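J.: The residues making up each chain are set out below.
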Amino acid sequence: MPSDSGSECGKYWVEWFTCSEGNEYFCDVDEEYILDRFNLTNLQTEVHYYRDAMDLITDQVNERPMSNEAREQVELSAKHLYGLIHARYIITMRGLAKMVDKYKRGDFGKCPRVFCNNNPLLPVGLTDVPNQKMVKLYCSRCEDIYNPKSRRHSMIDGAYFGTSFPHMLFQTYPSLKPAQTEQRYVPRIFGFKLHAAAELHRWQDEQRELQKKRLGIASNGGGNNN
Amino acid sequence: MAGPDHPAAAAATATHHAADHADHALHSPDAHSGLEHSDESDFDDEPYASDESASLTWISWFCSLKGHEYFCEVPDSFIEDEFNLTGLSQSVNYYVEALDTILDIEDDANEPQFPEEIEAIDSSAEILYGLIHARYILTRQGLDQMADKYENADFGTCPRVCCAGSPVVPCGRVDLPERDSVKLFCPSCSDIYAPPSTRYHKIDGAYFGTTFPHMFFQTFPALVPDEPISPYTPRIYGFAISERSRAGPRMQWLRMLPDPLPDHDDDGDDGDAAAHSSDDQSFVEADDGAADELLPAATATATATGDDALTESMDVGTDRRRDYSSSAAAAAA
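Chains as they are written, first to last, in UniProt numbering: chain A, 1 to 226; chain B, 1 to 333.
If you are wondering where the hints come from, they were derived from the structure by calculation, not from laboratory data.
Treat the hints loosely; a few may be bogus.
What the hints assert, rightly or not - Ranges between beta-carbon positions, derived for each pair:
hint, chain 1, residue 1, chain 2, residue 2, range
1, A, R105, B, E151, 18 to 26 angstroms
2, A, N118, B, V174, 14 to 22 angstroms
3, B, L176, A, M93, 48 to 56 angstroms
4, B, N152, A, F192, 26 to 34 angstroms
5, A, L126, B, A222, 27 to 35 angstroms
6, A, T127, B, K202, 17 to 25 angstroms
7, B, S197, A, P178, 19 to 27 angstroms
8, A, S175, B, A164, 33 to 41 angstroms
9, A, M155, B, A222, 31 to 39 angstroms
10, B, D107, A, R152, 34 to 42 angstroms
11, A, S150, B, Q113, 17 to 25 angstroms
12, A, H48, B, E151, 43 to 51 angstroms
13, B, D148, A, M66, 38 to 46 angstroms
Unchecked claim - Computed cross-link-like contacts, SDA-like style, restricted to lysine to any residue with a CA-CA straight-line distance of at most 25 angstroms:
hint, chain 1, residue 1, chain 2, residue 2
14, A, K149, B, E227
15, A, K149, B, M251
16, A, K149, A, S20
17, A, K177, B, S242
18, A, K110, B, I121
Just so it is clear, the structure is predicted and the values come from calculations on it, not from any experiment.
No residue lacks a Cβ here, since even glycine has one placed at the ideal position from N, Cα and C.
With the sequences and hints as input, model every part of the structure.
T.: Pasting the structure below:
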C-alpha cells in the first residue's frame, strides 16, 4: 500500500503514474477503491481495452502476448481510466483527505493574482465529460480559475478532476477556506485614480456590501458573518 | 534614432564593446534593426570585434538579454536630452559613468580602476536605464513601441481563464526602484498578476512604473479587449453553491460588471420585460446559448426601470437562473 512503499517510485503502476513528470496533480487512488466494481460503473463504455487497462492499473500480470502497438493503446487507456477513476475518488472522504495534504503542500501551485498573496490552488475541470477541456486551477481566495503555468500541466484533461472537486473540498473542510480580502488593484495615472475604474469599483463595493447585508441577516444564527 | 555624434565616440563605442560586451554578444548575435549605426562600416576592420558585436549598442545588448524581453529600446536622442533625465542624478549612484555606459561613451580619463567599481557602475547603468525607460514609455513614441510589443503578446497573456488569453502589459506597484518586482496588468479584468516565469521576478517594477498601463490604454482604447466571458460560478454536481453556505462564494463582486448603461429607448422595455417573464419558465428546456443571450437583456431592462432594490434582487435571481439553466442543459447533453 502507498505508505509501505512510498519511497520507491515504480513498484506499482499507480505509483509509477503519480510519480512521473507532469502528473504531480494526481493523488494515488486506493487499490480497494479501484477493485470495487461499483465505483467503476459505466466506465467500461468510456474506455477502450477496459479489461487490459484495468489489469495494468491493478498490476495483474497479463500472460497474453501483445504487440507493441496494442501495448501503447492499453497504456493510453489505462491513463484515461485512471484519470476517470481519480475524478470519482477525490470527492470521497479518503480522496479529499489526500488532496488536502497536497493542497497544503502547494503541489498545485500558487495563485498568480498579486492580491491573493500566493494562495495555494486546486485543480478543477470545466466539464465532467472527458476530452473536452483541459484542467484549470481554482483559487479559494479570489474564487476564480486560472490556467496552469506550465505546459505539461495545461495538457491534462479537466475531467480527471471534475467540476465539483474544489468546492466539495471546501464544503467538507470549511476551515481551510482562507479569509477573503477586500484588497484590490486600483489603477492610477501619476497617482490619480481613473474615473471609469473608480466608478466600477464603487459599484462592485456596493454589490459586496449588499451581499454582506443579505448574509448578515441569514447568518445570525450560524455566526459565520465574514 | 541618433547614433554617436562624432567619429571619436563611435570609435570608443567599438573598443568599449570589444572589451566589455564581447561575451554578451554571443547571446544575441543579430543586432537589432531599430538601432543600426550609420557609421557602422567605420570599424569593420577592427581585428577583435565582429560586425555584430560592434554594431550592438549597450541598449540593444541590454534589451536582448534573457529576461529583459519586456523592455523596449529607448532611442539615444531621448537619453541625450537632459530635460528627460531631471532628478535622476540624485537617485542613481555613479550617475555620470552610468549614463556614459548607456550611451556607449568611453572616457579614458575616468576609466574605472577597480572591478568593484566597474560592477557598481554596471548595476547603476541598469537602474538608470530602467528609470529612463519608465519615463520614455509614457511618451507618444514609447507608447507606440510598447503597442507593437503588446500586439505581439511579448508580455504574455492573462492567466485568468475568463479573460480568454487577453494580452497583458508590464506594470509596477511603486515608482521607486528596488521596492517590488514587475507585475502584469490585464486590461480585460483590470487586475495585476505575477509573471509566470521566475526570471521576470528579478526585474524591478519601477522600470515600467505605476502609470504606464493606464496611460497606454487611455492612449489606445481600441486595444482594450471586448467584454470578457461571464465569470466563473462554482458548482457541485452542476448545482451552483449557495452564497449562504459557509464556504459559499464571497468574492464574486470582484469580477462583477454592471449591465450596460441604460441607453436603450423606453419603447424597448415592454418587449424585454416580456422576454424576462418568459425566461422564468424557460430554465429547464432552454439551451445554453439562448439562455445566455436572453438574460443580459433582461437584467439590462431591470436597470433601466431604475428601481434599485428590485434590480438587485433580480440580478441575483437571474444569476441563479443562469446557473440552473446551463447545468440543466449539461445534464441533458
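J.: Hint by hint, note whether the structure agrees.
T.: Each hint, compared with the structure:
Restraint check, R105/A to E151/B: a C-beta distance of roughly 40 angstroms breaks the suggested window 18 to 26 angstroms. Separation of N118/A from V174/B is about 19 angstroms and conforms to the stated range, judged on CB atoms against 14 to 22 angstroms. Range check, L176/B to M93/A: Cβ separation about 51 angstroms, and the 48 to 56 angstroms hint holds. The beta-carbon spacing between N152/B and F192/A, approximately 30 angstroms, falls within the hinted interval of 26 to 34 angstroms.
Restraint check, L126/A to A222/B: a C-beta distance of roughly 30 angstroms satisfies the suggested window 27 to 35 angstroms. A hinted range of 17 to 25 angstroms is violated for the C-beta pair T127/A and K202/B, which are about 39 angstroms apart. Between S197/B and P178/A the Cβ separation comes to about 26 angstroms, which falls inside the hinted range of 19 to 27 angstroms. Checked against the hint of 33 to 41 angstroms, the pair S175/A and A164/B passes, with Cβ atoms roughly 34 angstroms apart.
Range check, M155/A to A222/B: Cβ separation about 34 angstroms, and the 31 to 39 angstroms hint holds. One distance hint, 34 to 42 angstroms for the beta-carbon pair D107/B and R152/A, is violated here, with the actual separation near 51 angstroms. Checked against the hint of 17 to 25 angstroms, the C-beta distance between S150/A and Q113/B comes to roughly 46 angstroms, which is inconsistent with it. In this structure the supplied range 43 to 51 angstroms holds for H48/A paired with E151/B, their Cβ-Cβ distance being about 44 angstroms.
For the hinted restraint 38 to 46 angstroms between D148/B and M66/A, the CB-CB distance of approximately 55 angstroms leaves it violated. The hinted pair formed by K149/A and E227/B meets the criterion: a straight-line CA distance of about 24 angstroms does not exceed 25 angstroms. With a C-alpha separation of about 23 angstroms, the suggested pairing of K149/A with M251/B holds against the 25 angstroms cut-off. Between the alpha carbons of K149/A and S20/A the distance comes to roughly 18 angstroms, so the proposed pair stays at or under 25 angstroms and holds.
A C-alpha spacing of about 15 angstroms is found between K177/A and S242/B, which places the hinted pair at or below 25 angstroms, so the restraint holds. For the hint pairing K110/A with I121/B, the CA-to-CA distance comes to about 36 angstroms; that exceeds 25 angstroms, so the pair is violated.
In this structure, the earlier hints numbered 1, 6, 10, 11, 13, 18 are contradicted, and the remaining ones agree with it.
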